[in-house]
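Enquirer: Residue numbers (this note's numbering), protein chains in the order written: chain A, 1 to 510; chain B, 1 to 510.
Just so you know, the hints here were simulated from the structure itself, not pulled from any lab data. All residues carry an ideal CB built from backbone N, CA and C; glycine is no exception. A portion of the hints provided could be inaccurate.
Quick list of simulated restraints, FRET-style, between CB atoms [to be verified]: (1) A/34 - B/219: 38 to 44 Å; (2) B/243 - A/394: 56 to 62 Å; (3) B/243 - A/241: 34 to 40 Å; (4) A/91 - B/75: 38 to 44 Å; (5) B/30 - A/108: 36 to 42 Å; (6) A/266 - B/238: 28 to 34 Å; (7) A/31 - B/35: 50 to 56 Å; (8) B/220 - A/434: 44 to 50 Å; (9) A/444 - B/219: 34 to 40 Å; (10) A/96 - B/241: 44 to 50 Å.
If you want the building blocks of each chain, they are given just below.
Protein chains: 2
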Amino acid sequence: MTEFKRRSAELNDLLCVLNVLTWDARTQMPAGGTAARAHQMATISGVARERLLAPEFEQAAQQVTGNEADTRAAQQALEAVAAMRRVPAALTHDLAVLKSESQVLWAQARSTGNFATFAPALERMVDLNRQLADALGYEDHPYDALLNTYEPGLTVATLLPLFGRLRAHHVELLQAIQDQPQPRSDFLTRQYPAAQQKEFSLAMAQLFGYDTGRGRLDESAHPFEISFTQQDVRITTRFQEHFLPAALFGTLHETGHAMYEQGVHPDLSRSVLTSDLLGLYAVAGASYGTHESQSRLWENRIGRSRAFWDLHYPQLQATFPEQLADVDVTEFHRAVNRVQPSLIRVEADELTYDLHIMLRVELERALIGGELSVQDLPEAWNSRIQSDLGLTVPSDSQGVLQDIHWSSGMFGSFPTYTIGNIMASQFYQAAEQALPELSAHLSAGNYAPLRQWLTEQIYQYGRTFTPHELLIRTTGSGLDPAPYLQYLTNKYSDLYGLKGEITSFSASSL
Amino acid sequence: MTEFKRRSAELNDLLCVLNVLTWDARTQMPAGGTAARAHQMATISGVARERLLAPEFEQAAQQVTGNEADTRAAQQALEAVAAMRRVPAALTHDLAVLKSESQVLWAQARSTGNFATFAPALERMVDLNRQLADALGYEDHPYDALLNTYEPGLTVATLLPLFGRLRAHHVELLQAIQDQPQPRSDFLTRQYPAAQQKEFSLAMAQLFGYDTGRGRLDESAHPFEISFTQQDVRITTRFQEHFLPAALFGTLHETGHAMYEQGVHPDLSRSVLTSDLLGLYAVAGASYGTHESQSRLWENRIGRSRAFWDLHYPQLQATFPEQLADVDVTEFHRAVNRVQPSLIRVEADELTYDLHIMLRVELERALIGGELSVQDLPEAWNSRIQSDLGLTVPSDSQGVLQDIHWSSGMFGSFPTYTIGNIMASQFYQAAEQALPELSAHLSAGNYAPLRQWLTEQIYQYGRTFTPHELLIRTTGSGLDPAPYLQYLTNKYSDLYGLKGEITSFSASSL
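When you get a sec, could you build the whole thing from the sequences and use the hints?
Expert: In structure tokens, the structure reads:
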């Protein structure tokens, strides 16, 4: 093993250990353990940062020659080292301190609905993130620098027209849907015991191809997927006994993330190509958006499809015979795809979810760009919810205070949710072209061909390629919303009996 | 915070992280995670070793002045650094490699009963441990050097006469017991569902004072206690549905360990005084023997006492109404204290357990001293089992191959089990003298006074004092088997109706 590989392996070990500590804190740790765990994680982060910035690591990376994977790993390492060196230690420290403080203030403000008590911390957070953007560097807009830490290569210049097109389409499609009668969904809120929900959800995850010999499913307050090499990839979900879709689709969503991590080639384990060195996070996925494309693909494209439920609804009905006695598969399929504007992002349906995201992206870009003040933020939020969704925000708790992201210093991560939706449709379209029998396989419950194709095209490479390179290699084009808009239009036209009147899709796809 | 405290805190963080990784591997990790976890643990151990041996740490320790806790911490750090420096890096490496190899060979040999396939690895393990003893240094016997890593200050010169006296007593007491009729114990092997076992065991652990706000109880193949500072102290047990005592007394045993760890003064968290620096293990207990004294005290002195069952047997009966319908408290109490020679140490009763330990100690001392060859080990084992317990070993799987210790390179840890029993009785006797109402408290199910006294006398100090200093401070004398022999003689005389004929006790206590 070369010096570069040895040092990369140790770095990846440290990042995997951070992930173990995170997983334990969110799923197992007794309440009393919080303070000690924070110290332990800070110490491991400190060691990782020290090893990343050690001159010996940089020298070892500079000496790498050989195959493409090795030279790309070395290149990524050198870029991460350079970027981390550009950020002053004092700024990193200030951000870490502010993060823990502002999360507490945010949680308090959210529970009281009093935005003013959180505003000063948020102002400072915006300020520090602008400093971070300046330190990291950018060409056009400071938001680009932050965006780049989640989605390498993405810029405001790309994002704005893309989102503009999506928004026009979504608003028009939503309007058309709202003119139609709504399907019933009363049965989704009946009582569904958690144990059976877990049994069914895990069975579906395993059918998709999630390997529980290298993973496990637990409960946590907020569902997530996390990996410690492809040998150990864990998912969590949250069981709501009176809302069946939460754990069911939540599990399928995390399963998509997990299969990406489990599918990376074992040779890339313990390497830079399964490490986000700048984020000090062990992850095999190429970017946040690429990762999200796989969770959305498996959750929505497969898990909410008619073919999936034609096949598996009898099993769900057998699991919950009383709760679903008066519901047929058509009603169930329509209910879990029902579109209904709501105030809360994490409860949104597939269509309005993007509108929630685009609202946040526009506001955080304006905050970082200095075009919007923290003081004016709630008003900007509320008016946009009114215009896009036709809803009045009754309290900032259900408005601008609902997400933890900004209090955690995460500016630039929101776009990756919608980027993931777009990429999911591009990848899926390419899979359909490559696998002529795909729809027959899926109708027969044979998920292996799709998973294997995704593994060959995407999963196995880990972080070898950028998201853009992956798209080009796999679909022949860069980020393109057309397949996604086509998918949504077709899907909801079928479900709601719309008749080809979505002009914003037709116009923009010319 | 001084430089020494800052560096000590980071070292303790690293050792706590190793403990989290160990706990997860033994209770949660999917099978596939084994190899990656080994790398992660090796990397963290390497970082800890590097930081311990950093010249800056030694210099910082040398500059410490101040109160007794600080200077003792610095002294312990300097001793650990010096000891670790005496061990050649190549030897540490060879031991680590051999450890993983020989554990595999041992497991295979145990399953086939073929000692010869394990013998070469064991020979090399004995050889490396003799080299380790030479490197660490000793005055009289190489075994002293190894013993000292588990029980500071203990030597063969102290141990041999002590164990000689114990053995004479135990063999005679066992003989007297075997002349008496045995109590019934058939009901212990009825079916006891794991869920109710867990509920009852955890309720008792909490009654003793185990704080589940800073801990949790899980299942694992081998029960253990492990801590990540006193804020997070976890225990495990193994539920055998057809043998009630295993999980019940196993939980009370681990509870004793856990209350020791939870009882350390919070000011000692993240310090040398809650770190075994030479063993690279985060632990607040003063030594293996001191730790074992607390698990044995709570398991045996309290948990197997008549007063405990007079109070809690009705609750156990309510938990298992059918299984215990025909059993009264006298029968139950006698059954869980029944003495019966057996081949397997971990299944042994309170009296014969020490005989199992003393056999191992004598053999490992002779191996390390070069007085016994690995080749002659099985025969030496079997003849001793015959003479002490009157049993014939049918296969090495149930004889010399039953324990993992030697294959893991643990020579010198076995004595601490019996040392723990001896210390438990000394501490308990001191508690009785200090707390005139102790027996009334215990009969009323009030365990707080005993736990508080032990916390004040022992737990709060962590590793500030050596085991010998703790004994002197608390009981006024050094290691003394008399209270333990007195306890056993009284206990079994009552249970088996013996009449004052244990001469080896009377003679030796003059």
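Enquirer: Which earlier hints turn out false for this structure, listed by number in ascending order?
Expert: Hints 1 and 7 are the ones this structure does not satisfy, whereas the remaining hints hold.
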